[in-house]
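**Student:** So the chains spell out like this:
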Amino acid sequence: MLRFAIRRLLLALAVGFTVSLAAFLALQLATDPAQAIAGEDAEPAVVEQIRIEYGLDRPLVTQYVDWIGNVVQGNFGESFYWHQSVADLILQAAPTTLKLATFSILVTILVAIPLGALAAMRPNSWVDRLALSVSVSAQAIPNFWLGLVVIVIFSVHLGWFPVAGDRTLAHFVLPAFVLGMTSVPAVMRLTRAGLLEAFEADYIRTARAKGFRGYPLLKKQALRNAMLPVISVLAVQLGNKLGGAIITEAVFSMRGLGRLAVDSIQGGDIPTVQMLVFVFAMTFVLLTFIADLINAWIDPRLRLR
Amino acid sequence: MNEHAPLLRVENLSITLKTPSGEQVQPLRGVNFELSRGEALGIVGESGSGKSMSMLALMGLLPSNARRDADSLKLGDKDLLQIEDTTFAREIAGKRIGMIFQEPMTSLNPVYTIGRQLIETATLYGRGTARAARARAIELLNRVGVPEPELRLDQYPHQLSGGLRQRVMIAMALMNEPELIIADEPTTALDVTIKAQILDLLADLQSELGMGMILVSHDIGAVSRAVDRIGVMYAGAFVEKGPLDDVFEHPLHPYTQGLLQCAPRATLAHGGPRLGAIPGSVPSPFKRLTRCAFSDRCPHVHDACYGSEPALRSAGNQAYRCVLDAEQLQSDNDHSDKGVVIPHATPVQVEHGDPPVLALESASCVFTTRRGLLGRSKDNRAVDDVSIALHGNEILAIVGESGSGKTTTARMMLGLQQPTSGVALFRGEALEKSTPRQRAQLIQPVFQDPYSSLNPLRTVGDSIGRPLVVHGVGNRASRRERALEIMSLVGLPERFYNSYPNQMSGGQRQRVAIARALVLEPKVLICDEPTSALDISVQAQILNLLLDLRERLGLTYLLITHDLAVVRYFATRVVVMKSGQIVESGETERVYTQPTHPYTQELLASISDPLRRSA
Chain D
1 MLRFAIRRLL LALAVGFTVS LAAFLALQLA TDPAQAIAGE DAEPAVVEQI
51 RIEYGLDRPL VTQYVDWIGN VVQGNFGESF YWHQSVADLI LQAAPTTLKL
101 ATFSILVTIL VAIPLGALAA MRPNSWVDRL ALSVSVSAQA IPNFWLGLVV
151 IVIFSVHLGW FPVAGDRTLA HFVLPAFVLG MTSVPAVMRL TRAGLLEAFE
201 ADYIRTARAK GFRGYPLLKK QALRNAMLPV ISVLAVQLGN KLGGAIITEA
251 VFSMRGLGRL AVDSIQGGDI PTVQMLVFVF AMTFVLLTFI ADLINAWIDP
301 RLRLR
Chain X
1 MNEHAPLLRV ENLSITLKTP SGEQVQPLRG VNFELSRGEA LGIVGESGSG
51 KSMSMLALMG LLPSNARRDA DSLKLGDKDL LQIEDTTFAR EIAGKRIGMI
101 FQEPMTSLNP VYTIGRQLIE TATLYGRGTA RAARARAIEL LNRVGVPEPE
151 LRLDQYPHQL SGGLRQRVMI AMALMNEPEL IIADEPTTAL DVTIKAQILD
201 LLADLQSELG MGMILVSHDI GAVSRAVDRI GVMYAGAFVE KGPLDDVFEH
251 PLHPYTQGLL QCAPRATLAH GGPRLGAIPG SVPSPFKRLT RCAFSDRCPH
301 VHDACYGSEP ALRSAGNQAY RCVLDAEQLQ SDNDHSDKGV VIPHATPVQV
351 EHGDPPVLAL ESASCVFTTR RGLLGRSKDN RAVDDVSIAL HGNEILAIVG
401 ESGSGKTTTA RMMLGLQQPT SGVALFRGEA LEKSTPRQRA QLIQPVFQDP
451 YSSLNPLRTV GDSIGRPLVV HGVGNRASRR ERALEIMSLV GLPERFYNSY
501 PNQMSGGQRQ RVAIARALVL EPKVLICDEP TSALDISVQA QILNLLLDLR
551 ERLGLTYLLI THDLAVVRYF ATRVVVMKSG QIVESGETER VYTQPTHPYT
601 QELLASISDP LRRSA
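Residue numbers (UniProt numbering), protein chains in the order written: chain D, 1 to 305; chain X, 1 to 615.
By construction, these hints were calculated from the structure, which means they are not laboratory data. Positions of the beta carbon are idealized from the N, C-alpha and C atoms, including for glycine. One should not assume that every hint holds.
What the hints assert, rightly or not - Derived, one-sided and incomplete: chain D residues facing chain X with beta-carbon distance under 8 Å:
hint : residue
1    : A201
2    : Q221
3    : P300
Unchecked claim - Label pairs and their in silico Cβ distance ranges:
hint : chain 1 : residue 1 : chain 2 : residue 2 : range
4    : D       : M1        : X       : D354      : 52 to 60 Å
5    : X       : Q349      : D       : L196      : 54 to 62 Å
6    : X       : S488      : D       : L130      : 55 to 63 Å
As the list claims (entries may be wrong) - Calculated Cβ distances over 12 Å to all of chain D for the following chain X residues:
hint : residue
7    : T129
8    : T193
9    : N317
10   : E361
11   : D379
12   : R482
13   : R495
Chain D with its partners taken away, still in its complex shape:
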């Protein structure tokens, strides 16, 4: 297991390096950072001066080494737009996004896995069909619309939760529900399919011959086998929530990383955008690594790879 973890970690580091290079190069090559800082109408001389001032005239390799060296030391650079350190900007927005993503993935897990399990226990029964319609609806309803509906019902009419903002935990209930529901269809169907496949397996027949039936059969024999693909998908879904909750954050007026990303793109704030891209990408690398570890813990055969 330890050897497996070390191998995976090395692989993750290699991917992380590639990602950082890509994030750096994409923005450096696709835009002119000096022009962006100076403003679109700036004189060419001013732009040149800024280029030299910020060291943007040096070779790309030097700039990259410089940048990555700073990143590793925790120095994420200075925002051109907000005139604040990028690290501070990200640290201010991160807690909101982290909380929102964590709560919403919990919503996904708590809704999708039991629903998928119920559906798999009685395939083609009314429970199965109900679960399927819930999943299709969740897939069909747009995020922002569901957000508005729950705000109208639970905030405006019932007054149970605040309408917008991110100050207290109560602020997170509705957005976490909305964001969590978006992942329910995929996870539910994967749980159902995984369990149904497991129920067909020879080892389940063995377990039935030993006397296992019903819920213990599901929980103690089939579930662990069915969870492998679910874990991988949950990791990706969590990554999406950490990086791409822009719509939900907007509907509920929350100041998270998604909002920060939109604002810095609009402001042409390359250091912040670059750093956010890097952070989002590294989040995926990290989550994939964690998912691999969990899967290896679940299925001993994976540890051999």
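Chain D is fixed; fit chain X onto it per the hints.
**Tutor:** Just chain X now, kept in the frame of chain D:
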């Protein structure tokens, strides 16, 4: 409790299956049997005979589209028809009845340790404490021959070999000291030497623990190693039952007679009489029978066989399902050319000239595997310095267990695998110098599984004519002619020309595969386990067909197999492989009568011969 009550009584057990098209079929039709305490019953039959289905029905493990009906289903005094499935699960399954399945590779849960799977059997529903269960697990693993049992408890199934896993399965079935143990094809997926060990272990355990045992198998020889009584099933019903010795010595039902004659035996040598084969193939489950199920394959068939299905009749200790009298059936069997036609093989002269048709010279094959991006590479020597010469008209068999390198050797001789060192020669010319097309006209393969080796989207005629198209031989009309010609040669009626593989039985598909291999008129056929996916009665047909074709077309065969009984009947010369090396080779008769290498002796000792059992 009544001491004399049988352990298990099954009366009129039937299964009705609803097919997706809404049709109802009966894979099991009114089966009766009894098992006394401490008795071992063997149930044999071919695919679709209902033998496994009946055991699943006993255990309540039928698929959800199947319905079970019975007049009586009793384990001791317990009426299994009267109890709920939950009660059955709690009180009977895994507790009073232990079950062992065919595939040890997939029948254990891959994500849990051996220990957990053994222990949970004995602690489920508060059957016992974890501590006691652990002790029992260690004791049982020890008894079934798993080395270092305490270490094994923490291991996962994939860390154990197939044989060890099956031993674990046996230990698992014994955890709660069941009164009855059901073994459904327990050795089918195992290598020959392991097979014999597992059967002997089961027989020992059964008598030692005084359990009742039902051993289900398609392998009549295997069953004979471990049981007292035998039941032969055909098309969802017993056609013959009785004490093992009686049934083997004087089988009454024509099917039993045929089955015993077509099972290759250690004593049937090449060049001797042909194997008896039962014509036709095993029927698929049908709705209602208005005739004897065996009538379309039976040599004795006459008017009385139609109208209704014959009932089981008793004769001495035996019971059989036939309209004919026992005396007549028995005397017919004694003069058996009347029962099953056994033509004698005419000997074919082997060309011993130089150079041999096909040869490997000091060929080795090394597979390099690398684990992951950063892993170290590891060499696996699949074949190690092997030299084989295949002479014209010869039938050379390569025998060995899984991992012995026999298939890699065959692939090198086919030109499908380049030797890492050494060379493959066709008539003295390096095989690699010829193009794949040239090779295809010289050497053709016949593979094991006719279900996956035929393209399901091509008609039979297309499949057979395909090599001609690839090689640009003839036009559409001449190719059709040629395909039909080959079809009649391999015994396929013309009406199959436009059929698809899924409309055919396994034996018919294998005939198609052979026809396809022959259409380019190759000199050599390389047959890799050509009959191991087929029923026994069909296996004999295919083996006899291959022998006939060799005589008529002057073919040379290389046979790859693990089945030693087939080899003795089929091959003129044999090569025994183990761990990538040849351990013994020679004329088949010499190797079988005077094996020199200990491994060959071990292999030969593991053959289960139904007719030589008591010797």
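**Student:** Hints numbered earlier in the text: which of these fail when held up against the supplied structure?
**Tutor:** Checked against the structure, no hint fails, so every one of them is satisfied.
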